[in-house]
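Peer 1: Note that the numbering used here numbers the sequence shown so that position 254 is 255, with each residue one more than the last.
Quick caveat, the hints were computed from the structure, so don't treat them as lab data. Accuracy of the hints is not assured; some may be wrong.
What the hints assert, rightly or not - Result set (EDC-like, lysine to aspartate or glutamate): computed pairs, CA atoms no more than 20 angstroms apart in a straight line:
id	residue 1	residue 2
1	LYS65	GLU23
2	LYS65	GLU102
3	LYS65	GLU30
4	LYS274	GLU102
5	LYS189	GLU256
6	LYS189	GLU149
7	LYS189	ASP170
8	LYS189	GLU146
9	LYS189	ASP73
10	LYS274	ASP252
11	LYS274	GLU133
12	LYS274	GLU261
13	LYS65	GLU133
14	LYS65	ASP164
15	LYS65	ASP55
16	LYS65	ASP47
17	LYS189	ASP151
18	LYS65	ASP43
19	LYS274	ASP249
20	LYS65	ASP77
21	LYS274	ASP160
22	LYS189	ASP55
23	LYS274	ASP159
24	LYS65	ASP151
Unchecked claim - Ranges of calculated distance between the beta carbons of each label pair, as one might list FRET restraints:
id	residue 1	residue 2	range
25	PRO118	LYS274	36 to 42 angstroms
26	ASP151	VAL244	39 to 45 angstroms
27	ASP249	GLN51	22 to 28 angstroms
28	LYS189	PRO129	44 to 50 angstroms
These figures come from a predicted structure and were not determined experimentally. Ideal Cβ positions, reconstructed from N, Cα and C, are used throughout, including at glycine.
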Amino acid sequence: MSRLPNFIYIGPDKAGSSWLHEILIDHPEVYFTPAKDLYFFDRYFDRGPQWYADQFADAQPQHKIVGEVCQDYLFDPPTPARMAEVLGTVQTMVSLRDPVERAWSSWLYARKHGVGPDDFLTALRTEPALLEHGRYASGLDRFLEHFERDSIHIAVFDDLAADPQAFLDATTDFLGIARMPLSEEQVKARLPAAAARSTRIAHLVRRTADWAREHDGARIVGAVKRSPLVHKVLYREIDRAAVRPDADAVDFVRESLADEVDRLERDYGLELKSRWGWV
Numbered sequence: 002m003s004r005l006p007n008f009i010y011i012g013p014d015k016a017g018s019s020w021l022h023e024i025l026i027d028h029p030e031v032y033f034t035p036a037k038d039l040y041f042f043d044r045y046f047d048r049g050p051q052w053y054a055d056q057f058a059d060a061q062p063q064h065k066i067v068g069e070v071c072q073d074y075l076f077d078p079p080t081p082a083r084m085a086e087v088l089g090t091v092q093t094m095v096s097l098r099d100p101v102e103r104a105w106s107s108w109l110y111a112r113k114h115g116v117g118p119d120d121f122l123t124a125l126r127t128e129p130a131l132l133e134h135g136r137y138a139s140g141l142d143r144f145l146e147h148f149e150r151d152s153i154h155i156a157v158f159d160d161l162a163a164d165p166q167a168f169l170d171a172t173t174d175f176l177g178i179a180r181m182p183l184s185e186e187q188v189k190a191r192l193p194a195a196a197a198r199s200t201r202i203a204h205l206v207r208r209t210a211d212w213a214r215e216h217d218g219a220r221i222v223g224a225v226k227r228s229p230l231v232h233k234v235l236y237r238e239i240d241r242a243a244v245r246p247d248a249d250a251v252d253f254v255r256e257s258l259a260d261e262v263d264r265l266e267r268d269y270g271l272e273l274k275s276r277w278g279w280v
């Protein structure tokens, strides 16, 4: 009998979600769907709860945690109520990253697929998701309308960058499962900053992946996206430290999202401005 999730990573994107998926999918007490980002509660809710349950049909009794990683749920207004309706009580997790860095990483990802403006500041002004996916406090507030505060694990991406083992330990402790020692290979970022070897081909691959999801091919997408060979063929790593957003773009993000960060500090007890260099 299929089991519905009792844990979901809800967002944001570009904050360690791929790394978390790749690590926890190997934990003996965890069953994650092979495909990251099922998008059931936002894009495909009309497929119904049985379709969603079928995605977890391979979960076994030893899997105390059954779940998925879907980075967009935090920003979709109907999602919290839908999750409460289908799942009842569920543990969730966010990993908060400096909104400037998150937007910059998201823009780099779009550009390597040939999507959107080739200027970061122009993209910020014309692509709403770049800023909307930095509205962490608003997303958390919506979830707290349906779930208890202690059911949401709020992590900070800086901690993953500084000490992956401690970041993972805090997550597994929250989930109530055994700690999992990381190998040297697992500590490394799974999807480092990259540029497409061919933007045209990368764009075609992305459109094909979107088509596959629309036609219930999430497992295939997951297998392809998780393949190191695919990434080696399609992309080359770049030195992100050598390419940085200009001051006008940084100021634009900070001015647009200052209230969100203020609320995270005030309402959630997080000290973020000093960590992110906003003061």
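Peer 1: All the hints need checking, so say for each whether the structure fits it.
Peer 2: Outcome of the hint check:
1. A distance of roughly 17 angstroms separates the Cα atoms of LYS65 and GLU23; the hinted pair therefore holds under the 20 angstroms criterion.
2. A hinted pair counts as satisfied when its Cα atoms are at most 20 angstroms apart, and LYS65 with GLU102 does not qualify at roughly 34 angstroms.
3. Proximity of LYS65 to GLU30 is assessed by CA-CA distance (about 5 angstroms); at most 20 angstroms being required, the pair is judged to hold.
4. Of the supplied pair hints, the one linking LYS274 and GLU102 holds, its CA atoms being roughly 13 angstroms apart against a limit of 20 angstroms.
5. Restraint check for LYS189 and GLU256: not satisfied, since their Cα atoms lie roughly 33 angstroms apart, outside the 20 angstroms limit.
6. For the suggested pair LYS189 and GLU149, the alpha carbons sit about 33 angstroms apart, so the restraint of at most 20 angstroms is broken.
7. Taking the CA atoms of LYS189 and ASP170, the gap is about 16 angstroms. The hint holds against a cut of 20 angstroms.
8. At roughly 36 angstroms between alpha-carbon atoms, LYS189 and GLU146 are farther apart than 20 angstroms, so this suggested pair is violated.
9. A C-alpha spacing of about 24 angstroms is found between LYS189 and ASP73, which places the hinted pair above 20 angstroms, so the restraint is violated.
10. Of the supplied pair hints, the one linking LYS274 and ASP252 holds, its CA atoms being roughly 14 angstroms apart against a limit of 20 angstroms.
11. With a C-alpha separation of about 19 angstroms, the suggested pairing of LYS274 with GLU133 holds against the 20 angstroms cut-off.
12. Annotation: proposed proximity of LYS274 to GLU261 holds, straight-line Cα distance about 11 angstroms (limit 20 angstroms).
13. Of the pairs offered as hints, the one joining LYS65 and GLU133 is violated, with about 33 angstroms between alpha carbons and a cut-off of 20 angstroms exceeded.
14. Annotation: proposed proximity of LYS65 to ASP164 is violated, straight-line Cα distance about 25 angstroms (limit 20 angstroms).
15. Of the pairs offered as hints, the one joining LYS65 and ASP55 holds, with about 18 angstroms between alpha carbons and a cut-off of 20 angstroms not exceeded.
16. Using a Cα cut-off of 20 angstroms, the hinted pair LYS65 and ASP47 is violated, with the two alpha carbons roughly 28 angstroms apart.
17. Annotation: proposed proximity of LYS189 to ASP151 is violated, straight-line Cα distance about 30 angstroms (limit 20 angstroms).
18. Of the supplied pair hints, the one linking LYS65 and ASP43 is violated, its CA atoms being roughly 25 angstroms apart against a limit of 20 angstroms.
19. Restraint check for LYS274 and ASP249: the C-alpha separation of about 18 angstroms stays at or below 20 angstroms, so the hint holds.
20. Restraint check for LYS65 and ASP77: the C-alpha separation of about 27 angstroms exceeds 20 angstroms, so the hint is violated.
21. Only pairs whose Cα atoms come within 20 angstroms are accepted, and LYS274 paired with ASP160 is accepted, the gap being roughly 15 angstroms.
22. With a C-alpha separation of about 32 angstroms, the suggested pairing of LYS189 with ASP55 is violated against the 20 angstroms cut-off.
23. Our distance criterion of 20 angstroms between C-alpha atoms is met by LYS274 and ASP159, whose separation comes to about 12 angstroms.
24. Between the alpha carbons of LYS65 and ASP151 the distance comes to roughly 18 angstroms, so the proposed pair stays at or under 20 angstroms and holds.
25. The hint said 36 to 42 angstroms for the Cβ distance between PRO118 and LYS274, and at roughly 29 angstroms that hint is violated.
26. Distance hint for ASP151 and VAL244: a CB-CB separation of about 40 angstroms, consistent with the stated range 39 to 45 angstroms.
27. For ASP249 and GLN51, the hinted distance range of 22 to 28 angstroms is not satisfied, since their beta carbons lie about 50 angstroms from each other.
28. With their beta carbons about 33 angstroms apart, LYS189 and PRO129 fall outside the hinted range of 44 to 50 angstroms.
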